[in-house]
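Enquirer: Listed in order, the protein sequences are those of chains W, X and B. Here full-length UniProt numbering is used: the first residue of the first sequence is 1, the next is one more, and so on. Here full-length UniProt numbering is used: the first residue of the second sequence is 1, the next is one more, and so on. Here full-length UniProt numbering is used: the first residue of the third sequence is 1, the next is one more, and so on.
None of these hints come from the bench; they were simulated from the model. Virtual Cβ for every residue (Gly too), placed ideally from N, Cα, C. Careful, some of the hints might be misleading.
[Unchecked claim] So, partial list: chain W residues that the calculated Cβ filter (under 8 Å) puts toward chain X:
1) ALA20
2) GLY32
3) ILE50
4) LEU57
5) VAL58
6) VAL60
7) ILE63
8) ILE78
9) PHE80
10) GLY113
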Amino acid sequence: MSVQYIVELFGTFFFAISGALAVKDSEHDWFGASFMGFITAIGGGSLRDILLGSYPLVWVGDINFLYAIIAGVIAAKIFFRLLERLRRTFLLFDTLGISLFTIVGLEKALSLGVQPEIAAIMGMFTAVMGGVIRDTLVNETPVIFRKEVYASACLAGAVCYLLLNASVHLDRELNALLSAGLIVGIRLLAVRYNLSLPRFL
Amino acid sequence: MSVQYIVELFGTFFFAISGALAVKDSEHDWFGASFMGFITAIGGGSLRDILLGSYPLVWVGDINFLYAIIAGVIAAKIFFRLLERLRRTFLLFDTLGISLFTIVGLEKALSLGVQPEIAAIMGMFTAVMGGVIRDTLVNETPVIFRKEVYASACLAGAVCYLLLNASVHLDRELNALLSAGLIVGIRLLAVRYNLSLPRFL
Amino acid sequence: MSVQYIVELFGTFFFAISGALAVKDSEHDWFGASFMGFITAIGGGSLRDILLGSYPLVWVGDINFLYAIIAGVIAAKIFFRLLERLRRTFLLFDTLGISLFTIVGLEKALSLGVQPEIAAIMGMFTAVMGGVIRDTLVNETPVIFRKEVYASACLAGAVCYLLLNASVHLDRELNALLSAGLIVGIRLLAVRYNLSLPRFL
């Protein structure tokens with residue numbers, strides 16, 4: 001059992017929590033919350049693998065990912081009760097999820113032989129598209145279009161990984177840790193200080 | 001021509017009817033209604049096959065499914081005129097569609113060798129995701145997140161099929177009939193008596 | 001470098017412009033606008049290739065498409081400044097995009113051996129589904145459901161191509177030009193004279 005495998009399981013678990021908690025006014029029933037956790041957890045990675053034509057999809061070929069999601073949904077229920085601070089809990093698990101998934105997705109794309117620029121996009125997609133699908137399904141503005149720095153933090157982390165890898169040939173695991181840390185850092189600073197990118201028009 | 005093939009064609013026909021009738025305030029033109037019928041009919045099965053990497057997609061490889069959809073859209077126009085009771089007509093054809101497609105999708109996934117839990121999800125996806133895509137496109141809350149028991153009825157039917165198959169080794173066609181009947185029963189009871197699952201939070 | 005390849009690159013460029021300009025009240029930042037340009041440009045072709053199981057996706061296998069998108073997003077920023085007439089600029093580039101992509105998608109589907117009816121749908125999907133995904137992500141009514149003749153113009157162009165090809169065996173490039181011109185003509189006439197298809201119900 002590799003470190004990467006455990007990281008991916010944990011990312012799935014964190015994303016399932018964030019998905020199950022992403023409910024509008026507590027409107028969802030158990031099925032709806034589980035479905036949201038499921039889609040958030042598998043959406044980004046599934047899109048990446050479909051775009052790359054890489055089969056079987058991770059969760060189709062390995063039942064442990066389904067169990068990680070179920071655990072995440074149950075944990076969401078418990079955490080929510082304990083903490084009663086939805087927003088912060090959601091932010092924490094979502095940030096952990098996107099940072100881990102960016103690196104996992106980037107490395108998978110690279111291992112399938114695509115060019116670095118495409119691999120960076122795939123890393124970002126792995127991280128954010130589950131949430132985008134989730135938000136689109138409940139007719140909310142997808143998280144990537146809101147003011148905070150979100151997907152661009154993932155892209156920055158992916159570019160950081162690629163640069164460190166190409167220049168100083170950093171150890172893979174240290175590089176992954178550093179680049180994921182950069183994503184967490186950018187994201188939390190942006191939320192804390194209300195940072196945003198310049199407008200397009 | 002197997003029973004399963006005819007069932008799938010009829011499911012496609014029913015779903016095309018329900019999709020074409022799923023219009024907001026009769027706003028759609030002929031193209032819009034046909035597109036909605038098409039997406040509703042092929043969305044779930046296409047998603048299943050894409051997730052499983054099973055090519056060619058059913059409707060790409062067999063033109064009869066396109067004809068079943070065209071027939072469904074025309075039937076929707078005629079039925080609507082005859083009956084003038086949109087809601088009930090829609091409910092009837094939609095319920096027939098989801099019950100048939102759950103079993104068709106479940107059996108296809110099993111035949112491709114995935115584990116039972118994943119096959120159950122694929123059966124449910126086959127049944128409900130066409131409608132989810134349809135609802136998302138017109139910015140309505142997807143049917144699976146509304147209060148009524150919908151996708152969970154499909155999941156119950158899929159689990160019933162798997163249990164009957166694993167325990168008493170029921171004849172495949174009888175099992176399919178029973179499990180599809182369970183879905184219809186749960187769905188119609190839930191609508192009739194306004195049943196819903198407990199809230200998540 | 002074939003004519004078809006250059007046409008596809010230009011279609012991608014035009015679509016990236018239209019996507020980046022498709023902002024609600026100038027709300028998007030640079031990342032959001034680039035993401036919208038990207039999704040609009042690659043959405044339809046990616047969906048076509050995924051539905052047909054044709055890998056690698058065009059933009060995954062050839063980095064030039066990513067560069068065409070980046071060029072389009074920058075051009076959008078410049079054009080908007082120069083022209084300050086968002087609606088017309090958008091209409092022009094979007095119409096060029098859908099006409100080129102319909103023919104490109106149709107020809108690719110035919111080359112993969114699907115039946116003409118399916119190829120026509122694939123041509124239309126290539127043209128309009130990027131915009132549909134774009135509109136769905138920002139919770140707008142997808143362009144294909146608005147009153148104007150849009151996707152049906154693409155379908156008419158695709159049918160025109162198939163008929164000319166089957167009947168008079170027209171030279172491929174002349175046929176492509178004529179059919180793309182028909183799409184542009186129908187679309188611009190529909191916008192100019194406010195034409196729409198008859199209602200379904």
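Enquirer: Quick check: which numbered hints come out false for this structure?
Expert: 5, 8, 10
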